[in-house]
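First to last, the sequence lines map onto chains A and B.
Letter by letter, the first sequence follows residues 1 to 284 of the UniProt record's numbering.
Letter by letter, the second sequence follows residues 1 to 318 of the UniProt record's numbering.
Hints should not be assumed to be uniformly reliable.
Stated by the list, open to error - With a straight-line cut-off of 20 Å between C-alpha atoms, the simulated SDA-like cross-links for lysine to any residue are: (1) 35/B <-> 174/A; (2) 263/B <-> 188/B; (3) 35/B <-> 183/A; (4) 35/B <-> 178/A; (5) 165/B <-> 48/A; (6) 35/B <-> 192/A; (7) 35/B <-> 184/A; (8) 35/B <-> 107/A; (9) 35/B <-> 104/A; (10) 35/B <-> 186/A; (11) 263/B <-> 217/A; (12) 165/B <-> 66/A; (13) 35/B <-> 48/A; (14) 35/B <-> 172/A; (15) 263/B <-> 172/A; (16) 35/B <-> 239/A; (17) 35/B <-> 176/A; (18) 263/B <-> 99/B; (19) 263/B <-> 237/A; (20) 263/B <-> 246/A; (21) 35/B <-> 246/A; (22) 35/B <-> 175/A; (23) 35/B <-> 35/A; (24) 35/B <-> 194/A; (25) 35/B <-> 91/A; (26) 35/B <-> 217/A; (27) 35/B <-> 177/A; (28) 35/B <-> 237/A; (29) 35/B <-> 179/A.
Bear in mind the hints are in silico, worked out from the structure with no lab data behind them.
The chain contents come next:
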Amino acid sequence: MTTAAPRRDTTVLTRALGRTPHYVVAASLAVIFLFPLLWNAWASVSGQPGTAQQSGYGFGNYRTLLDYDAGLWRYLLNSTIVSALTVALTLGVSLLGGYAFARFDFPGRNLLFLLTLAILMVPYATLLIPLYVLLGRLHLENSLIGLSLVLAMFQLPFATFMMRISFEAVPRELEESALVDGCGTAGALRRVLLPAVRPGLITVGLFAFLAAWNDFIAPLILISDSEKAPLPLAVANLRQQSMGAVDYGATEAGVVVLAVPCLLLFLLLQRHYIRGFMSGALKG
Amino acid sequence: MQVKAPDRTAAEPRTPPHRPSPAAVPSRWRSRTAKGLAYAAPTAVFVAVFFLLPLLLVGQMSLSDWPLLAGDRGLNAPENYTDITGSTLFRPAIRFTLLYTVIVTAVLLALALGLALLVQESRPGAGFFRTVYFLPSALGLASASLLFWGLYSPTTGPLSRLLEKLGLVDDPVSFLGTPTSALLSTVFLIVWKFAGFYMLILLVGLQRIPHEVYEAARMDGASRGQIFRSITLPLLRPSLALCLLLCVTGSLLAFDQFFILTKGGPDNSTVTVVQLIYREAFQRLNLGTAAALSIVVLAVLLLLNALQFRGLRHTDDS
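Using the sequences and the accompanying hints, generate a full structural model.
Given below as C-alpha cells:
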C-alpha cells in the first residue's frame with residue numbers, strides 16, 4: 001500500500017506532464033481563433049480618433065450606425081425580412097418536396113431530384129447575372145422578395161436532400177396507421193410526420209437563416225436601392241461614406257451586430273448544426 | 001449518375017394495410033401519383049424558374065450583344081468570348097485565382113487535419129476547443145472580411161501596433177499594401193474563417209473509423225506515425241476528398257473576401273475571375289461579356305467536379 005501510492009502519483013504526474021504540450025498547442029490556437037472576435041467587440045466600444053467614440057468607452061460607434069443613411073433599424077428590418085422569407089420558402093418547398101421524393105412514386109421523380117441537386121454544381125455568380133435580367137422581367141428587380149426567392153433556390157439542394165432522408169427515416173407504419181384512421185396524406189403529414197421530421201426542419205431552417213443573413217454577393221447584384229440593402233451590404237457601403245475618410249469604429253460596430261445573431265444561434269442549436277454535417281447532405 | 005440517398009424504401013411497392021377491391025387499385029394508384037406530383041410541384045417550379053431558365057438565359061446572353069441598360073440587341077456570337085479572352089485582366093485574373101486556390105487549399109486542409117487530430121480524443125476540454133475553433137465558421141464571409149479589414153488597418157489595427165511594440169518593425173505595417181502581402185493577408189483571413197468548418201467534416205470522418213482497427217494496429221506494435229500513415233490517412237480519404245472538393249470550388253469562386261478586403265488591389269493584382277464577372281456587368285455595363293465569362297467558369301467547374309466526383313466515388317467504394 002505505502003509503496004504503491006507514491007508510484008501511482010508519479011504516473012499521474014507524468015501523464016499530466018505528457019499532456020502539457022497538447023494543451024499548450026490547443027490553447028495557443030484557441031487564442032488565435034478567439035482574438036479577432038474579442039478584439040472587434042472591444043474595439044467597437046472603445047475610443048479611437050476618427051470615430052464617433054473619440055475617447056473612453058461607450059456606444060458612440062453604434063449611434064453612428066443608427067444614423068447612417070437609412071439607419072440601422074431599416075437595414076436590420078431588411079435583413080430580417082429577407083432571412084424570414086428565405087427560411088419560410090425553403091422550409092415550405094423542401095418539406096413538401098422531401099415528402100414527395102421519400103414517399104411517392106411519380107413520373108420524373110428521379111430527374112427532378114437530380115436537377116435539384118445539380119443547383120450545387122453551378123457557380124453562384126453564373127446564375128446571378130441571368131437572374132438579374134430575369135427578376136427584371138418578372139418585375140421583381142430591386143426587391144427583397146425577389147432576393148429571397150433566389151436565396152431560397154440556392155438552399156434547395158441541401159434542404160431537399162435533408163428533408164428526403166428525414167422522411168425516409170420515419171417508419172412507414174406510422175404514416176399508414178394515420179391513413180387507415182382516415183387522415184388524407186395532408187393530414188398524415190401535418191399530424192404524424194411533421195413532428196417526426198422536426199429535427200431535420202430545424203437543421204434546414206438554421207442553414208437557410210445563416211446563408212440568407214450573411215449573403216453578400218446576391219444583394220450586391222440584385223439590390224440597387226441603398227434603402228433596401230440588407231445589413232452586410234449596408235456595413236460594407238458605410239466604409240466609403242464621408243469624403244474618403246474611413247470610419248473603422250462604425251464598421252466594427254456593424255460587424256458585432258452582424259455576428260451576434262449567428263454566434264448565438266450556433267451556440268444554442270449546435271446539435272442541429274452538427275447534424276447537417278453528419279447527414280452526408282454536404283456530399284450532395 | 002448516382003444519387004446518394006438510399007432509394008430502397010421509396011422504390012418498394014406500397015403494401016396497403018387492407019386489401020382493396022381490384023377495381024379500386026388503379027384509381028388509388030393514380031391518386032397517389034397525382035398527390036406525389038402535387039407535393040413536388042413547388043420544387044419543380046423553383047428549379048424550372050430560378051435554375052433552368054437562368055441557365056438557358058445565360059447561354060443566350062453570352063451569344064448576344066447585351067448592354068446592361070439597353071438590354072438584348074441580338075446575337076453577336078462569338079464576339080463576347082473573343083472580347084473576354086482579349087481583355088487585359090483575363091489572364092492575370094485566371095493566374096491569380098489558381099494561385100490563390102492552391103495556397104488556400106494546401107494551408108487550410110493541413111491545418112484542418114491538424115485541428116481534427118488535436119481535438120478528436122475525449123480529453124477534458126476537447127469539446128471547448130472544438131467549439132472555439134469552429135466559432136469563426138458561424139460568421140458570414142462578408143462579416144469576417146469586414147472584421148479583418150479593421151484588424152489589418154495600419155493606423156488603428158492591433159496587429160501593426162503589436163509588431164511595432166515588439167520592435168519587429170519600425171513603421172506601421174501595410175498588410176494589404178503589396179500584391180504578395182494582400183494575397184497572404186487574405187489567405188490568413190480565409191484559413192481563420194474556414195479551418196473549423198473543415199475540421200468538423202474531418203472529425204465526422206475520424207469518428208467513422210472503427211476503434212478495433214486502431215487497437216489491432218497497436219497490438220501489432222505499430223508506432224503512432226505508422227498508424228497515422230497506414231490507417232488514419234487511407235480511411236479518412238473520403239472525408240479529405242470532400243474537403244478538397246468544397247475548398248477548391250469555394251476558392252475558385254472567391255469574391256466577397258477580395259471585394260471587401262483588397263478591392264482587387266493593389267494595382268488589380270488580386271482580381272479573381274468572379275470579380276471580373278462583376279466588373280464586366282456592373283462597371284463596364286456589359287452583360288454579354290459577363291455572361292460569356294460565367295459560361296467559361298461554369299464549364300471549368302463542371303469539368304473539375306466531374307473529375308473530383310469520380311475520385312470521390314472511387315474512394316467510397318473501398
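How the hints compare with the structure:
no. : hint            : result
1   : 35/B <-> 174/A  : 19 Å, holds
2   : 263/B <-> 188/B : 17 Å, holds
3   : 35/B <-> 183/A  : 14 Å, holds
4   : 35/B <-> 178/A  : 16 Å, holds
5   : 165/B <-> 48/A  : 18 Å, holds
6   : 35/B <-> 192/A  : 17 Å, holds
7   : 35/B <-> 184/A  : 10 Å, holds
8   : 35/B <-> 107/A  : 12 Å, holds
9   : 35/B <-> 104/A  : 8 Å, holds
10  : 35/B <-> 186/A  : 9 Å, holds
11  : 263/B <-> 217/A : 14 Å, holds
12  : 165/B <-> 66/A  : 35 Å, violated
13  : 35/B <-> 48/A   : 63 Å, violated
14  : 35/B <-> 172/A  : 17 Å, holds
15  : 263/B <-> 172/A : 54 Å, violated
16  : 35/B <-> 239/A  : 52 Å, violated
17  : 35/B <-> 176/A  : 15 Å, holds
18  : 263/B <-> 99/B  : 18 Å, holds
19  : 263/B <-> 237/A : 13 Å, holds
20  : 263/B <-> 246/A : 15 Å, holds
21  : 35/B <-> 246/A  : 58 Å, violated
22  : 35/B <-> 175/A  : 15 Å, holds
23  : 35/B <-> 35/A   : 54 Å, violated
24  : 35/B <-> 194/A  : 17 Å, holds
25  : 35/B <-> 91/A   : 19 Å, holds
26  : 35/B <-> 217/A  : 37 Å, violated
27  : 35/B <-> 177/A  : 18 Å, holds
28  : 35/B <-> 237/A  : 48 Å, violated
29  : 35/B <-> 179/A  : 14 Å, holds
This entry does not satisfy hints 12, 13, 15, 16, 21, 23, 26 and 28, going by the numbered hints stated previously.
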